[in-house]
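K.L.:
If you read the protein sequences in the order shown, they are chains A and B.
Just so it is clear: in the first sequence, position 131 is 131 by my numbering, and no numbers are missing.
Just so it is clear: in the second sequence, position 423 is 596 by my numbering, and no numbers are missing.
It is worth saying that the hints were derived from the structure and are not from the lab.
Glycine residues also receive a C-beta, built at the ideal position from the N, C-alpha and C atoms.
Every clue listed holds true.
In silico lysine-lysine, DSS-like type, Cα no more than 27 Å apart, as pairs:
id: 1; chain 1: A; residue 1: K128; chain 2: B; residue 2: K430
id: 2; chain 1: A; residue 1: K57; chain 2: B; residue 2: K643
id: 3; chain 1: A; residue 1: K57; chain 2: A; residue 2: K44
id: 4; chain 1: B; residue 1: K384; chain 2: B; residue 2: K342
id: 5; chain 1: B; residue 1: K558; chain 2: B; residue 2: K660
id: 6; chain 1: B; residue 1: K422; chain 2: B; residue 2: K399
id: 7; chain 1: A; residue 1: K128; chain 2: B; residue 2: K348
id: 8; chain 1: B; residue 1: K239; chain 2: B; residue 2: K698
id: 9; chain 1: B; residue 1: K553; chain 2: B; residue 2: K657
id: 10; chain 1: A; residue 1: K128; chain 2: A; residue 2: K160
id: 11; chain 1: B; residue 1: K293; chain 2: A; residue 2: K110
id: 12; chain 1: A; residue 1: K110; chain 2: B; residue 2: K348
id: 13; chain 1: B; residue 1: K657; chain 2: B; residue 2: K558
id: 14; chain 1: B; residue 1: K707; chain 2: B; residue 2: K724
id: 15; chain 1: B; residue 1: K384; chain 2: B; residue 2: K293
Covered stretches of chain B (chain A as the covering partner; in silico rule of three or more C-beta atoms under 8 Å from a C-beta of chain A):
id: 16; stretch: 242–256
id: 17; stretch: 302–311
id: 18; stretch: 617–627
id: 19; stretch: 637–648
id: 20; stretch: 736–744
Derived, one-sided and incomplete: chain A residues facing chain B with beta-carbon distance under 10 Å:
id: 21; residue: N72
id: 22; residue: R111
id: 23; residue: T115
id: 24; residue: N129
id: 25; residue: C132
id: 26; residue: P150
id: 27; residue: R151
id: 28; residue: K160
id: 29; residue: M172
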Amino acid sequence: MVKMPPTVTKAIFLLLLVNVAAARADGAGDPAAITSEGGKYLDKDGNPTFKIGPDGKVDYYSYAGFVRYSANCLACHGPDGLGSTYAPSLVDAMKRLSYGDFLATVAGGKRDVSTAQTLVMPGLAENKNVMCYIDAIYVYLRGRADDAIPRGRPSLHDDKPPAYAIAENECMG
Amino acid sequence: MRRFSTKLMLAAGVSLSAASFAGPAAAQEDLLKMQANSADWVMPTGTYDNHRYSALKQITADNVGKLQAAWTFSTGVLRGHEGAPLVIGDVMYVHAPFPNTVYALDLNHDGRILWKYEPKQDPNVIPVMCCDTVNRGVAYGDGKIILHQSDTTVVALDAKNGAVAWSAKDGDPGKGETGTSAPMIVKDKVYIGVSGGEFGVRSWLSAYSLKDGTLLWRAYSMGPDKEIMVDPEKTTQLGKPVGPDSSLKTWQGDQWKIGGGATWGWYSYDPQLNLIYYGSGNPSTWNPRQRPGDNKWSMTIWARDADTGMAKWVYQMTPHDEWDYDGINEMILADQQIGGQMRQTLVHFDRNGFGYTLDRATGELLVAAKYDPAVNWASKVDMDKSSPTYGRPMVVSQYSTDRNGEDVNTANVCPAALGTKDEQPAAYSPDTGLFYVPTNHVCMDYEPFRVSYTAGQPYVGATLSMYPPKGETNMGNFIAWDAKQGKIVWSDPEQFSVWSGALATAGGVVFYGTLEGYLKAVDAKTGKELYRFKTPSGIIGNVMTYQHGGKQYVAILSGVGGWAGIGLAAGLTDPHAGLGAVGGYAALNNYTALGGQLTVFALPN
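Could you put together the complete structure from these sequences and hints?
P.N.:
Spelled out as structure tokens, the structure:
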């Protein structure tokens, strides 16, 4: 990612917010897929992103992200990333978080414990069931934040790319 | 009042009944006697038989419509509030979720705080607690209040001033072992269960000395015979000895070591048979393909000797679970006429959607029937004693997530993983002979996949989405159940799952709470609604009643949360509604918000 002075970043952010109707944007900027690498789509900054076909068919990462989100995050963040009585909405959070922010929080955790609340996001860096799929989870939540992926299980998705299967096996061991 | 100086009593502004402070040897007699006194609520389950029935009858079907909030109390904690307070004499003991604050409230002064105890716990335990930092209540025995903290510390507090008498550590949250369940005290022992089925914890039930907190024995849910405290010749399942290595034989390799079988439900006790009863939970992981075999003794009803801990009989309800039908729900002990014969029965409403009636002395299976007609994963439980599959559920292959395999989505399984009923306990009225059961009416899609185990990290292995049964919009029912015949007598639909424990009373009124926050009273015979009051937050606590100063009170903890708060906050979607359908069902978020509060009700003077 290109490093910019904070004021510039903020200005761009505001600009993008105003432009939501025209071009979608989340905490990582414009999610439009520019390139792809073995079934994983990347935006103009090289961050992972989703790709949705005209029939609503989602790329494999978005689909795998739905599955892995539901297994590893839903128990706190609620169905479809919408938040719960226990943890905040990630659909909202992803409108603000960059790819780097996201990775840092999931790996390292986050905590806000006071007399008023007891919010603890566990650090998941050692959890293979999460970290081997972190890009998929990111892509899925990014798609949810941009309103590109609806609630529930995506009904159509691309086949599992061979590169994905190889990487998965290597990572899970 | 034997052991108190008058000065101390005056200072505390309370008088405690003499029975409460008799010597340690008398603890059992005290509790046996005390539980029979309906003015008090001396244990989390009301009585040892878990009836959650009160002989109090000032509040009746005729006058309950006039019920009013008498006083309220904020616990100062926002998370999900399960369980119910205790009342002993003039004092009420109220517990809260993490940080597990305990309050002693003076009933002579509208709940003035006599003492407060708040343990210091490492907040790292919070995210290890699957589905909220709930706590299901404290227990009383021998002048002590026993608290089971989130971090599995068991602490005994002096009931009169909150001073710590002893403390013991039951598990290690670093490995995913946490505490949510309410203790039970029988004679000189405190029984403590463990949570962590979603973290691969090989679970156990511990017995501690009430006197000083020494660990007396620990019985695991799976493993070698000695560690599960099973006698291969004497312990039976459905009348037959279980034989050697009954658990080990049903797991592949060492998988039993991370086998789950949590024990965080409610416990019951039969003083005549000297047996304690409880259920063990789901095997870990949720991916059935990764753990071939029956996975004994997960998903099992246990009857253990209250003193030695040895298992008398076991019954595994869901061998080789494929749906997370966690078997921890309460065992209600009631004597009932079945087939023209009076039987000592145990009634259990399992997550798997079957209501079981067993002989509690022998473990003989008498009735197993669906208590929600939507239940579809099994056609029935095989009741043919000569069949090789006697006592086993007849799984419908379409809904077998094991048969369908990894990375395959098995759709429309009823009930969902939260079960036709979860921990929210049912009540039994000896007056009507009916069981009053708070239920979920929710189905699911379930997709298992391969997971790897890391100590202290979630070990789940399946993705699921939930929704009401096809063509229906209510996500819960409050039902009356005839356990002799296995039949629903009446059923009141509820918009959300009913996640509150029920209370039956001699006044012919049954109480329960709803997730929107209503305390409701219904007619025990017909289910007709007689009263409702909207409390400040959703109810996942259990209704209790007591008498003070000659007047009957009803109390309930509000404070939405738990699994219900997580799953239903944003509302469920209807997968049958087609692409892009949003918010198919009501979102709990639109009805209630966090906040722990006790509301105490009474009739106007």
